[in-house]
Amino acid sequence: MSESSKIVFGIVGMPSSGKGTIAAYFEEKYHAEKLRFSSALTDVLNRLELEPDRDHQIKLSEVLREKFGEDILSRSIKIGIEKSERNLIIIDGVRREGDIEMFRALPNFHLLGVRADAEVRYKRSKNRGEKPGEEHMSFEDFQKLDQRSTEVSTQQLLEKTSIIFDNNGSFEELYKQIDDYVAAMGLN
Amino acid sequence: MSQSPSIIIGLVGTPGSGKSALTEYINKAYGGVQFRFSDFLLHVLKKMNLETTRDNMIRLSVSLRNEFGEDLLSHAIAAEALQSGESLVLVDGIRRPGDLTAFRPLPNFRLIAVNADPKLRFERIKRRGEKAGEMDMSWESFLNEEKAPTEVTIPEAMTFANYVVMNDGSLEELHAKVDEIMKEIGIEKIG
Numbered sequence: 001m002s003e004s005s006k007i008v009f010g011i012v013g014m015p016s017s018g019k020g021t022i023a024a025y026f027e028e029k030y031h032a033e034k035l036r037f038s039s040a041l042t043d044v045l046n047r048l049e050l051e052p053d054r055d056h057q058i059k060l061s062e063v064l065r066e067k068f069g070e071d072i073l074s075r076s077i078k079i080g081i082e083k084s085e086r087n088l089i090i091i092d093g094v095r096r097e098g099d100i101e102m103f104r105a106l107p108n109f110h111l112l113g114v115r116a117d118a119e120v121r122y123k124r125s126k127n128r129g130e131k132p133g134e135e136h137m138s139f140e141d142f143q144k145l146d147q148r149s150t151e152v153s154t155q156q157l158l159e160k161t162s163i164i165f166d167n168n169g170s171f172e173e174l175y176k177q178i179d180d181y182v183a184a185m186g187l188n
Numbered sequence: 001m002s003q004s005p006s007i008i009i010g011l012v013g014t015p016g017s018g019k020s021a022l023t024e025y026i027n028k029a030y031g032g033v034q035f036r037f038s039d040f041l042l043h044v045l046k047k048m049n050l051e052t053t054r055d056n057m058i059r060l061s062v063s064l065r066n067e068f069g070e071d072l073l074s075h076a077i078a079a080e081a082l083q084s085g086e087s088l089v090l091v092d093g094i095r096r097p098g099d100l101t102a103f104r105p106l107p108n109f110r111l112i113a114v115n116a117d118p119k120l121r122f123e124r125i126k127r128r129g130e131k132a133g134e135m136d137m138s139w140e141s142f143l144n145e146e147k148a149p150t151e152v153t154i155p156e157a158m159t160f161a162n163y164v165v166m167n168d169g170s171l172e173e174l175h176a177k178v179d180e181i182m183k184e185i186g187i188e189k190i191g
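In order, the protein sequence lines correspond to chains B and P. For the first sequence, this note's numbering begins at 1 and goes up steadily by one. For the second sequence, this note's numbering begins at 1 and goes up steadily by one.
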């Protein structure tokens with residue numbers, strides 16, 4: 001499969017804004033392959049018998065970037081893209097400029113954003129219990145997460161996206177925006 | 001639910017002491033499954049698509065322990081050892097007291113230290129020429145190597161040993177010493 005025929009979407013958004021939902025929709029409806037920055041981190045944390053919560057993920061990511069270079073995680077994803085047999089790939093959870101420098105070189109890379117109000121995101125994070133500790137977090141602590149270094153750069157990246165999906169509404173409303181975008185891009 | 005191992009044997013030794021020969025003998029004569037600290041580091045490097053060089057392993061080890069605590073790998077490896085379902089587990093690559101944290105409280109853990117006269121260890125390293133440059137190593141380089149961050153903590157870790165094997169003689173003598181220890185611990189030969 002030639003590299004130039006692969007389309008790669010990077011998804012940017014604040015915690016619990018709906019990145020995973022969008023990635024899952026692309027997987028199901030458009031047969032995309034989903035790659036996450038956090039998969040490798042989760043695997044490593046599990047092997048080291050550390051709780052794969054967000055706090056540990058951020059710490060591990062900082063340790064690895066410091067010792068092995070800022071682009072260590074994106075290098076890992078790039079290899080995932082090269083190995084993929086699908087022609088649509090979604091990168092869930094792009095947060096830093098450095099992360100996408102490597103992907104911008106690809107002929108068909110697009111940065112997609114998703115936005116939702118803080119209260120909406122907080123409520124959703126409590127309900128999904130994806131990462132350990134999410135269900136019991138206070139709104140204050142949730143907002144503090146938004147201030148962490150990884151999320152501040154998320155805000156900056158959102159300004160560089162081709163489109164920002166509004167995910168304050170229902171699943172159907174989100175999916176329609178995605179379908180409209182795909183159609184507009186001539187991808188279906 | 002897998003059974004806890006009957007015995008976990010930890011191995012610590014100075015470079016050129018014959019720790020590998022001892023470990024190999026235990027494996028051959030007594031069986032058991034081996035866990036190495038370096039396996040965890042290799043896994044992480046491979047997962048991140050990094051080169052599995054000794055240099056990378058050291059950098060990773062130092063930074064993980066700085067961030068997550070000196071006994072991080074100790075707990076990880078102990079957890080795996082306890083879940084392994086094997087009756088004899090060998091834990092190889094212990095280098096510092098922090099590596100022992102998770103093991104010392106276990107009643108079925110024994111630490112074997114392997115050592116030998118420095119001059120003899122120096123000769124052995126030169127003879128086997130395992131790593132690049134070892135065959136031409138000078139006595140001064142050898143002494144410097146002993147002070148490397150990964151090696152300098154070994155003597156302190158060795159003070160926690162239940163058994164110390166001075167491996168200054170022949171291979172047969174080494175085997176005999178190992179047999180004595182295993183008999184005392186209560187492990188029978190296989191086959």
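If you are wondering where the hints come from, they were derived from the structure by calculation, not from laboratory data. It is possible that some hints are incorrect.
[Unchecked claim] With a Cα cut of at most 27 Å, we get these calculated DSSO-like pairs of lysine-lysine:
hint	chain 1	residue 1	chain 2	residue 2
1	P	K147	B	K67
2	B	K6	P	K47
3	B	K59	P	K47
4	B	K29	B	K83
5	P	K189	P	K28
6	B	K29	B	K160
7	B	K6	P	K189
8	B	K34	P	K47
9	B	K160	B	K144
10	B	K176	B	K144
11	B	K131	P	K47
Against the structure, the hints come out as follows:
1. Of the supplied pair hints, the one linking K147(P) and K67(B) holds, its CA atoms being roughly 22 Å apart against a limit of 27 Å.
2. Of the supplied pair hints, the one linking K6(B) and K47(P) holds, its CA atoms being roughly 24 Å apart against a limit of 27 Å.
3. Among the hinted pairs, K59(B) with K47(P) is consistent with the structure: their alpha-carbon atoms are about 17 Å apart, no more than 27 Å.
4. Between K29(B) and K83(B), the direct Cα distance comes to roughly 21 Å. Compliance with the 27 Å bound is thereby established for this hinted pair.
5. Between the alpha carbons of K189(P) and K28(P) the distance comes to roughly 9 Å, so the proposed pair stays at or under 27 Å and holds.
6. Pair hint K29(B) plus K160(B) holds up; C-alpha atoms about 26 Å apart against a cutoff of 27 Å.
7. A C-alpha spacing of about 58 Å is found between K6(B) and K189(P), which places the hinted pair above 27 Å, so the restraint is violated.
8. At most 27 Å may separate the alpha-carbon atoms for a hinted pair to count; K34(B) and K47(P) meet this at roughly 17 Å.
9. Straight-line distance between C-alpha atoms of K160(B) and K144(B) comes to about 24 Å, which keeps the hinted pair within the 27 Å bound.
10. Taking the CA atoms of K176(B) and K144(B), the gap is about 32 Å. The hint is violated against a cut of 27 Å.
11. With a C-alpha separation of about 21 Å, the suggested pair K131(B) and K47(P) falls inside the 27 Å cut-off, and the hint holds.
When held up to the earlier numbered hints, the structure conflicts with 7 and 10 and fits the remainder.
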